[in-house]
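Protein chains: 2
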Amino acid sequence: MHNQVTAHIITIGDEILYGQILDTNAQWMSQRLDEIGIKVTQRLTIGDVKSEILEAFAYSEKKADIVLITGGLGPTEDDLTKPCLAEYFGVDMETNQQALSEIADMFNRFKLELTPINRLQASLPTNCAMISNSLGTAPGMWFYENNTVFVSMPGVPFEMKEMVSAHILPKLRAQFSLPYIYHKVIRTIGIGESWLADKIKPWADALPKDISLAYLPSLGEVKLRLTISGKESNQEERVSNEIEKLKKYADKFIYGYDNDSIESVVGNMLAKTNKTLATAESCTGGYLAHMITSVPGSSAYFKGSVIAYSNDIKIDQLGVLPETLETYGAVSEETVKEMAEGIRKEFGTTYGMATSGIAGPDGGTPEKPVGTVWIALAGTDGTKTKLLSLAKDRLLNIQASAKATLAMAWQTFNQNS
Amino acid sequence: MHNQVTAHIITIGDEILYGQILDTNAQWMSQRLDEIGIKVTQRLTIGDVKSEILEAFAYSEKKADIVLITGGLGPTEDDLTKPCLAEYFGVDMETNQQALSEIADMFNRFKLELTPINRLQASLPTNCAMISNSLGTAPGMWFYENNTVFVSMPGVPFEMKEMVSAHILPKLRAQFSLPYIYHKVIRTIGIGESWLADKIKPWADALPKDISLAYLPSLGEVKLRLTISGKESNQEERVSNEIEKLKKYADKFIYGYDNDSIESVVGNMLAKTNKTLATAESCTGGYLAHMITSVPGSSAYFKGSVIAYSNDIKIDQLGVLPETLETYGAVSEETVKEMAEGIRKEFGTTYGMATSGIAGPDGGTPEKPVGTVWIALAGTDGTKTKLLSLAKDRLLNIQASAKATLAMAWQTFNQNS
Chain A
3 MHNQVTAHII
13 TIGDEILYGQ
23 ILDTNAQWMS
33 QRLDEIGIKV
43 TQRLTIGDVK
53 SEILEAFAYS
63 EKKADIVLIT
73 GGLGPTEDDL
83 TKPCLAEYFG
93 VDMETNQQAL
103 SEIADMFNRF
113 KLELTPINRL
123 QASLPTNCAM
133 ISNSLGTAPG
143 MWFYENNTVF
153 VSMPGVPFEM
163 KEMVSAHILP
173 KLRAQFSLPY
183 IYHKVIRTIG
193 IGESWLADKI
203 KPWADALPKD
213 ISLAYLPSLG
223 EVKLRLTISG
233 KESNQEERVS
243 NEIEKLKKYA
253 DKFIYGYDND
263 SIESVVGNML
273 AKTNKTLATA
283 ESCTGGYLAH
293 MITSVPGSSA
303 YFKGSVIAYS
313 NDIKIDQLGV
323 LPETLETYGA
333 VSEETVKEMA
343 EGIRKEFGTT
353 YGMATSGIAG
363 PDGGTPEKPV
373 GTVWIALAGT
383 DGTKTKLLSL
393 AKDRLLNIQA
403 SAKATLAMAW
413 QTFNQNS
Chain B
3 MHNQVTAHII
13 TIGDEILYGQ
23 ILDTNAQWMS
33 QRLDEIGIKV
43 TQRLTIGDVK
53 SEILEAFAYS
63 EKKADIVLIT
73 GGLGPTEDDL
83 TKPCLAEYFG
93 VDMETNQQAL
103 SEIADMFNRF
113 KLELTPINRL
123 QASLPTNCAM
133 ISNSLGTAPG
143 MWFYENNTVF
153 VSMPGVPFEM
163 KEMVSAHILP
173 KLRAQFSLPY
183 IYHKVIRTIG
193 IGESWLADKI
203 KPWADALPKD
213 ISLAYLPSLG
223 EVKLRLTISG
233 KESNQEERVS
243 NEIEKLKKYA
253 DKFIYGYDND
263 SIESVVGNML
273 AKTNKTLATA
283 ESCTGGYLAH
293 MITSVPGSSA
303 YFKGSVIAYS
313 NDIKIDQLGV
323 LPETLETYGA
333 VSEETVKEMA
343 EGIRKEFGTT
353 YGMATSGIAG
363 PDGGTPEKPV
373 GTVWIALAGT
383 DGTKTKLLSL
393 AKDRLLNIQA
403 SAKATLAMAW
413 QTFNQNS
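Line by line, the protein sequences give chains A and B. For the first sequence, counting from 1, position 300 maps to 302 in our numbering; every step adds exactly one. For the second sequence, counting from 1, position 189 maps to 191 in our numbering; every step adds exactly one.
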């Protein structure tokens, strides 16, 4: 049995702590470590304060095999990581000749003069191995002390990423005996977390002990993540077998796996069958078309959209009957049906999607409160409609309506296939 | 002199630690606390492991006045926060009647059946004050023990944000004696950070010592934040005076303040002058219309849009001449001009905006690489066009193009006013 190799990630910088910068580095490093079977057990974000930095080093050394540190390596005075590392390990700093020559090369390449402040960046704690930074002037540092690996890297995302991929991951693989680890994410739509949990309980209860299950809900969908780890490799098939069993309980909700999105899955279904699509949007105001066109290559099946915010446009561009708008209103099953059929005809596509609703915060009535949304899908077999009762937040209502429209299309295509 | 009130933020969840989810909550909470003068001194991210959760509670209780906790409140078995809080404080859990009635109301409103698993969400540690969750089924919890405030909130961003704004910030203000702090954000568009810094240097150098300036660049704009803090209140006027002086250097770039967005500022200018707008979008694929319609009340001035992903639609719906497309291509000044003029005429609006470009990742050529985007604004005084040379990322190109189109409109309206 392998011992689980564990890591802490320490992010240093006031600008992160005060919320001025979104820390995307920690997520990226977590993913890379997870992929090679290193378990991140904690992430810490601390400010540019010497005592806090030293305390975090001691805390993480006790609790993890690997401590990855980003930030605080700039040439200015508020960058404390390097002096803190030297103090923590009780060593001096001295100019690292290789680092100096790499920094000089870079300045040379950009025809810039090497200033004393840049020269200081080559000064490193004496107990570290220098890690080349091919995209910047702050070298990385690798320490192995008291059975723990410490790695210090710059906070600039592209410099850090290059350093991790080119140098840190290979060194970690060489240093540690890493376990086998495999994740599979199953993406479901059209059912809430607790209902899904109820429905698949017999399957979840019967999962083998070494396969763990996590629920990851997000707007309009629920992801299930299966994880297997241990010393035996090639366990993908065992996970596949469990997914086959899961399908008996939840097949009609599973639209994809891993990094699939509902817009890319629907797009692929259209592309594969040479079908085309257009949208007619009222309350979603272009967001549905945006989701569809965020998929590279969507121009192969998506012709376009009419966003009809006013009744005139619904009549003139989509052929909605004035009587329909008068009798039933813009937010009605009748109107959304005519919008979907109108755009399908006008743009000459296989399918037409439509949305009409009250996104809020204003415009609600007792009969049609904010969050009342009608969606429709017109196709060769007629037109489907659905009423959504959403919440009070305008942006969430827009996003949820667009996602529900794509979910309706997926369910329809899935039944037909 | 006030004592600095400090906070730790603890994010609980394997899905964050393994990098499957980007933690945007911690940044958002850091910003809100910073705004009311509470200093975040550390952020911790830990997994769904009881011992780690209990240890983090003890660690943060020692080091901060306030401990904000998100995540681990779902109804499923891997959600451990609630039992951990009960164990940490040595109390039992029992059904909170107000929480149960709020959950039941929510299910009622959506005409859903209350399952035993949902009922469990109303079971709370007995020493907490329940915090209503108006957008979800997991209530928040407020504890005050050993001179430390603990707040536990769901990890779903929109539920957490509503809870913090409506309940947590007011309670924190009531509980702690917070310093006077006043931020004013000045929003600029159409100029890069270093050019802006050069331009306003005389003003920045002359700022009073107790007013600090920060640059907050984001996609397509640069925000300047002025902060004044101390024990004297009512310093807003001193900040206003500095902004008046700033205008001498940067007036033509300042489009708004604080939470203004370029889409809301442009919308207000249209509404005030009874002008109307429509958009014709190719590469932005609906995102421009989405930005415009994300503003509540936008139906007063926004008539709609045609998203013309195919050349047929550009010809049929927007009246672009087939010769123009043949001679110059879809991504050209000539085409985008005809698109803007076409939508203005077709939808009968005062202004027409248009975009056409290569968002990527594919479709680039040596003459028109990925990131080549033409934008246009057609109005009563003719049509303006602009060429953008953006980067390689599809989504960023879409967002930057939409923002640049709104910036062009703002500059035009601003000059005319």
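Accuracy of the hints is not assured; some may be wrong.
[As the list claims (entries may be wrong)] Computed list of lysine to aspartate or glutamate pairs in DMTMM-like fashion (alpha-carbon distance at most 25 angstroms, straight line):
#	chain 1	residue 1	chain 2	residue 2
1	A	Lys163	B	Asp318
2	B	Lys52	A	Asp212
3	B	Lys225	A	Asp212
4	A	Lys394	A	Glu348
5	B	Lys233	B	Asp67
6	B	Lys41	A	Glu54
7	A	Lys65	B	Asp318
8	A	Lys370	B	Glu161
9	A	Lys201	B	Asp107
10	A	Lys254	B	Asp318
11	B	Lys52	A	Asp67
12	B	Lys41	A	Asp16
13	A	Lys347	B	Glu17
14	B	Lys225	A	Asp207
15	B	Lys211	A	Glu17
16	A	Lys201	A	Asp262
17	B	Lys52	A	Glu238
18	A	Lys211	A	Glu238
19	A	Lys370	B	Glu115
20	B	Lys65	A	Asp50
Keep in mind that the hints were calculated from the coordinates and are not lab data.
How the hints compare with the structure:
With a CA separation close to 47 angstroms, the supplied pair Lys163 (chain A) and Asp318 (chain B) exceeds the 25 angstroms bound. Taking the CA atoms of Lys52 (chain B) and Asp212 (chain A), the gap is near 19 angstroms; set against the 25 angstroms cutoff, the hint holds. Annotation: proposed proximity of Lys225 (chain B) to Asp212 (chain A) is violated, straight-line Cα distance about 50 angstroms (limit 25 angstroms). About 33 angstroms separates the Cα atoms of Lys394 (chain A) and Glu348 (chain A), which puts this hinted pair outside 25 angstroms; it is violated.
Distance check on the hinted pair: Lys233 (chain B) and Asp67 (chain B) sit about 20 angstroms apart at the alpha-carbon level, within 25 angstroms; holds. Under the criterion of a C-alpha separation no larger than 25 angstroms, the hint pairing Lys41 (chain B) with Glu54 (chain A) is consistent with the structure, at around 14 angstroms. For the suggested pair Lys65 (chain A) and Asp318 (chain B), the alpha carbons sit about 66 angstroms apart, so the restraint of at most 25 angstroms is broken. Restraint check for Lys370 (chain A) and Glu161 (chain B): satisfied, since their Cα atoms lie roughly 24 angstroms apart, inside the 25 angstroms limit.
Taking the CA atoms of Lys201 (chain A) and Asp107 (chain B), the gap is near 24 angstroms; set against the 25 angstroms cutoff, the hint holds. Of the pairs offered as hints, the one joining Lys254 (chain A) and Asp318 (chain B) is violated, with about 39 angstroms between alpha carbons and a cut-off of 25 angstroms exceeded. Straight-line distance between C-alpha atoms of Lys52 (chain B) and Asp67 (chain A) comes to about 20 angstroms, which keeps the hinted pair within the 25 angstroms bound. A threshold of 25 angstroms between alpha carbons decides the hint, and for Lys41 (chain B) with Asp16 (chain A) the separation of about 10 angstroms falls inside it, so the pair holds.
A hinted pair counts as satisfied when its Cα atoms are at most 25 angstroms apart, and Lys347 (chain A) with Glu17 (chain B) does not qualify at roughly 45 angstroms. Taking the CA atoms of Lys225 (chain B) and Asp207 (chain A), the gap is about 52 angstroms. The hint is violated against a cut of 25 angstroms. Proximity of Lys211 (chain B) to Glu17 (chain A) is assessed by CA-CA distance (about 21 angstroms); at most 25 angstroms being required, the pair is judged to hold. Of the pairs offered as hints, the one joining Lys201 (chain A) and Asp262 (chain A) holds, with about 23 angstroms between alpha carbons and a cut-off of 25 angstroms not exceeded.
About 29 angstroms separates the Cα atoms of Lys52 (chain B) and Glu238 (chain A), which puts this hinted pair outside 25 angstroms; it is violated. The straight-line distance between the Cα atoms of Lys211 (chain A) and Glu238 (chain A) is roughly 15 angstroms, inside the 25 angstroms bound, and the hint therefore holds. Simply put, Lys370 (chain A) and Glu115 (chain B) have alpha-carbon atoms about 22 angstroms apart, close enough for the 25 angstroms limit, and the pair holds. Between Lys65 (chain B) and Asp50 (chain A) the alpha-carbon distance is near 16 angstroms, which keeps this suggested pair within the 25 angstroms criterion.
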